[in-house]
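Using the numbering used here, you'd call the opening residue of the sequence shown number 191 and step up by one each time.
Since no wrong hints were added, every one of them can be taken at face value.
Cβ-Cβ distance ranges computed for the label pairs, FRET-style: (1) Glu527 x Ser214: 35 to 43 Å; (2) Ser294 x Arg260: 49 to 57 Å; (3) Asp346 x Glu525: 43 to 51 Å; (4) Asp225 x Asp526: 35 to 43 Å; (5) Leu487 x Asp329: 21 to 29 Å.
Derived from the structure by calculation, the hints contain no laboratory data. Glycine included, each C-beta is placed from N, C-alpha and C at the ideal position.
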Amino acid sequence: MPVVRHHLSCLGCVALAPASLELSCESCGGLYEIDYPRLPEGGIRLPLTPLPLGQGGTPTISFDWPDALRLRLELKLEFLSPTGSFKDRGAAMLVSAAWSGGASAFVEDSSGNAGAALAAYAAAARMSAEIFVPADAPDTKKSQITAVGGRLHEVDGDREAVARAAQQYAQEQGIPYLSHNQSPYFSEGMKSAAEEIAEHGLPDAIVLPVGNGSLLIGLYRGFRELVQLERIERMPRLYAIQAMNVSPVATAFRNHDARDPEPTIADGIAVANPPRLAQMLEAVRESGGAAGVVSELEIELARTTISQRGLFVEPTSAVPLAALRRLLERGMLAEDERVLVPLTGSGLKQPPIR
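Please construct the entire structure, taking both the sequences and the accompanying hints into account.
Below is the structure:
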């Protein structure tokens, strides 16, 4: 994947800005995306060379799922990434951007997986990482952050409260606040998954869990570039699945009134106000996909089912599996279609409560 000169483009007013760690447009406050002046031959464009810790290249396997009927189901084992989740792809790119920009330390907020990944890649770059997490985040994720040298800050409250605390600390200490949820570099790092999926053989549809949407956005941008390069004729349909208890993307997709969030075992996607909601909706609609929800019971049953078939994943990874039957029943997936589900996080991140 070629590294190409880039700049930042505002999603709101389309103003251009030099490449930097800035999170929002000075003119209108809109978020940025990475913009490239040219489309190179050879593959998906990247803004920087990501720090190497062995991320990417995760295997894809065929799998028989009881609810999938005659679907040709494939699973991409993203939980085999170095820190146990797909977040490694984005973390490698974002930390590389911070390091290239001259930072020696950064502040980040996370529900756990992104914090662990960013702390690990910070360690690889010899940088200091101040990671803010919800106080009720799984202890396994907290331990992983400190094990690789990250400094842990626990905050009572929801994800928005954690983000506010991180921003305040960064301002007080004069340390860059990276915000993987707002930075375009994080989702840009996810584009590598699109190339790997295309090389393996393009599926008809991809069903994935969605919180802040970095994987959804990265896949969409990656497949869009592959279409432009004429490497593929079409992109797969993208189905964004959320826990019913926290489902802003599905709610907006259906034009329903917002509902108050409730606790969910799928903590990795428990995001009530994702900053890149508009981009997620674009990815779903332009790919011909949809957004949907599953219940807590469906998530638990799906996790139990896949665990009993040899793959131990965290609840968030089970969310798209729980949606397969419903997507079939509603005609969104057809029998004999090839459907890919990325298993985004290891079960070691969040062991079942016994």
